[in-house]
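Going line by line, the protein sequences match chains A and B.
Positions 4 to 144 (the working numbering) are the ones given, in order, by the first sequence.
Positions -11 to 363 (the working numbering) are the ones given, in order, by the second sequence.
Some hints here could point you the wrong way.
[Claimed, not checked] Quick list of in silico lysine-lysine cross-link-like pairs, DSS-like style, CA-CA up to 27 angstroms:
(1) A:LYS56 <-> B:LYS182
(2) A:LYS139 <-> B:LYS167
(3) B:LYS167 <-> A:LYS44
(4) B:LYS279 <-> A:LYS102
(5) A:LYS96 <-> A:LYS107
(6) A:LYS102 <-> A:LYS56
(7) B:LYS57 <-> A:LYS53
(8) B:LYS178 <-> A:LYS61
(9) A:LYS55 <-> B:LYS178
(10) A:LYS44 <-> A:LYS56
(11) A:LYS139 <-> A:LYS55
(12) A:LYS44 <-> B:LYS279
(13) A:LYS61 <-> A:LYS44
(14) B:LYS279 <-> A:LYS61
(15) B:LYS279 <-> A:LYS53
(16) B:LYS167 <-> A:LYS53
(17) A:LYS102 <-> B:LYS57
(18) A:LYS44 <-> A:LYS139
(19) B:LYS178 <-> A:LYS96
(20) B:LYS57 <-> A:LYS55
(21) B:LYS182 <-> A:LYS55
(22) B:LYS182 <-> B:LYS279
(23) A:LYS44 <-> A:LYS107
(24) B:LYS279 <-> A:LYS55
(25) A:LYS139 <-> A:LYS61
(26) B:LYS291 <-> A:LYS96
Bear in mind the hints are in silico, worked out from the structure with no lab data behind them.
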Amino acid sequence: MLKHTVKKIALTAAFLLGSTSVFAEVVVIVHPSNSASIDAKSTQRIFLGKEKKFSTGKEAIPINQAAGTASRNSFDNDTLGRNSAQVSAYWSKLVFTGKGIPPKEVADDAEVIAMVAANPDAIGYVDSGSVTASVKAIALN
Amino acid sequence: MNNFSKTVVLLTSLGFAAATNAEVRINGFANLVGGITSSDDALYGYDDSFSFKSESSFALQVSADINDKMTATGQIIARGEDDYDAEFEWAYFTFNATDHVSISAGRLRLPLFKYSASRDVGYSYHWVNTPRAVYAVPFNNLDGVRVDYANYAGDWEYNLQLAVGTFSGDNDLGDVEGKNVIVGTAEVQKDWFKARVVAGRGKTTIDADAVSNIINALAQISPELANDLDLRDDSGLFLGVGLEADFYDWFISGEFTSINAEDSFSPEDKAFYITAGLRFGAFTPSVTYEKLDGRGEIRFLDKVAALPVAFQPAATAAVVGLQQAVADEYEVLTLGVRYDYDTNIALKADISSYTSDIDDSLDSGLLRFAVNYIF
């Protein structure tokens, strides 16, 4: 019930901001000290293992969410442009050829926020309604 | 286990021991594939009683970071067609020289096709198995070195790979070996569009009793002609082109390849497939058409004609007979569906119709089911 309300608020906010997509409920979060320029393209590259550094040249450590969570579904579909099974198939190609390691997965928004707040190199995504002052949020749309 | 594998295993264990903080990752995959052909027919190792043996496989991969830049990877696969005897198919070190360049050395997959690297990982594609007309080549693994370069410019992503080394494998005839193999690959990708080209060459040898018997007999008539007909340290050329358009809701892709060892009995193999599919939520129905044309012009007839007339009938029998015996031409039409049960399990089914252009009695229908799992 609470989650539902949060979503509704996020949707309303997106609507008020004139966002092009009412489904854009997920925002990217980084450490407050991270000054890198981050957009949908660079986020996609980092989360698909194609880019290992931020625009500032510092190492980027992506934090993923467990498959099946609302944030993960939304991020995979809207930002990566694939469903979670396709993302998983993409990584299986890299893992079994030694070309890449998928991002670490955590259980929920709160864990992502805790990890990003504690690590200047981390980058994650959470429901825009979950964002706290301990991280810097970046809207992709 | 051969000495090469033993060495790599040993080195890999040393790698584990040397790096106290080494992160060790264990991944694996399993493909349970069962099939049955139409009555009294045989195809891809299946016959008209249901069996899992031909294409099922289980694999375990261990990789360890030796340091910031180096990783050791070993993959053991047990295949149903080999009675599930586990074998080290890959064992290699990767050195990440820069963010864009990595160098791998050991036993690794030759980057010949779009799905070469993940051909054994059923979960990574929409088919029950990769189309054999194109993918069934006797030289998938290379003992050597591969350099990978990946970068992007604007919206274009590109990948370059160069591999050198040796291979050994087998086909229907016998053992196939390649020396001084060099393969170059270029791939580009932008949004929905992907393209790749590949070119490779190597000194190729086929060792098979059936072939040797004919070659040896022919050598008694004309050693020179026997040498021409034989495939022994002869230059083999591999060329391939792949294209893909993926619009998420639907996709179409294809690969076209040519394998040719001109100075031998082995005819040029031209092969291609075209596949298209739709994505409806967790379902991916698809259709695939594949064709192999391995029936080139009969070679060396001019050389037979130059022999003394008395020798010509026997020489013709050897030269034409061998080339006709290995000629092949067929097409396969497959309808299939993939269902994403979970982000690590896919269920699949397909039905194929195989049509031989050489011998009607080889025509066959095949029904297959598969469960692909990754962890």
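These are the hints, each one checked on the structure:
no.	hint	in the structure
1	A:LYS56 <-> B:LYS182	holds, 24 angstroms
2	A:LYS139 <-> B:LYS167	violated, 56 angstroms
3	B:LYS167 <-> A:LYS44	violated, 43 angstroms
4	B:LYS279 <-> A:LYS102	violated, 31 angstroms
5	A:LYS96 <-> A:LYS107	holds, 17 angstroms
6	A:LYS102 <-> A:LYS56	holds, 16 angstroms
7	B:LYS57 <-> A:LYS53	holds, 16 angstroms
8	B:LYS178 <-> A:LYS61	holds, 26 angstroms
9	A:LYS55 <-> B:LYS178	holds, 20 angstroms
10	A:LYS44 <-> A:LYS56	holds, 13 angstroms
11	A:LYS139 <-> A:LYS55	holds, 20 angstroms
12	A:LYS44 <-> B:LYS279	violated, 39 angstroms
13	A:LYS61 <-> A:LYS44	holds, 17 angstroms
14	B:LYS279 <-> A:LYS61	violated, 49 angstroms
15	B:LYS279 <-> A:LYS53	violated, 34 angstroms
16	B:LYS167 <-> A:LYS53	violated, 33 angstroms
17	A:LYS102 <-> B:LYS57	holds, 13 angstroms
18	A:LYS44 <-> A:LYS139	holds, 18 angstroms
19	B:LYS178 <-> A:LYS96	holds, 19 angstroms
20	B:LYS57 <-> A:LYS55	holds, 13 angstroms
21	B:LYS182 <-> A:LYS55	holds, 22 angstroms
22	B:LYS182 <-> B:LYS279	holds, 22 angstroms
23	A:LYS44 <-> A:LYS107	holds, 20 angstroms
24	B:LYS279 <-> A:LYS55	violated, 41 angstroms
25	A:LYS139 <-> A:LYS61	holds, 17 angstroms
26	B:LYS291 <-> A:LYS96	violated, 49 angstroms
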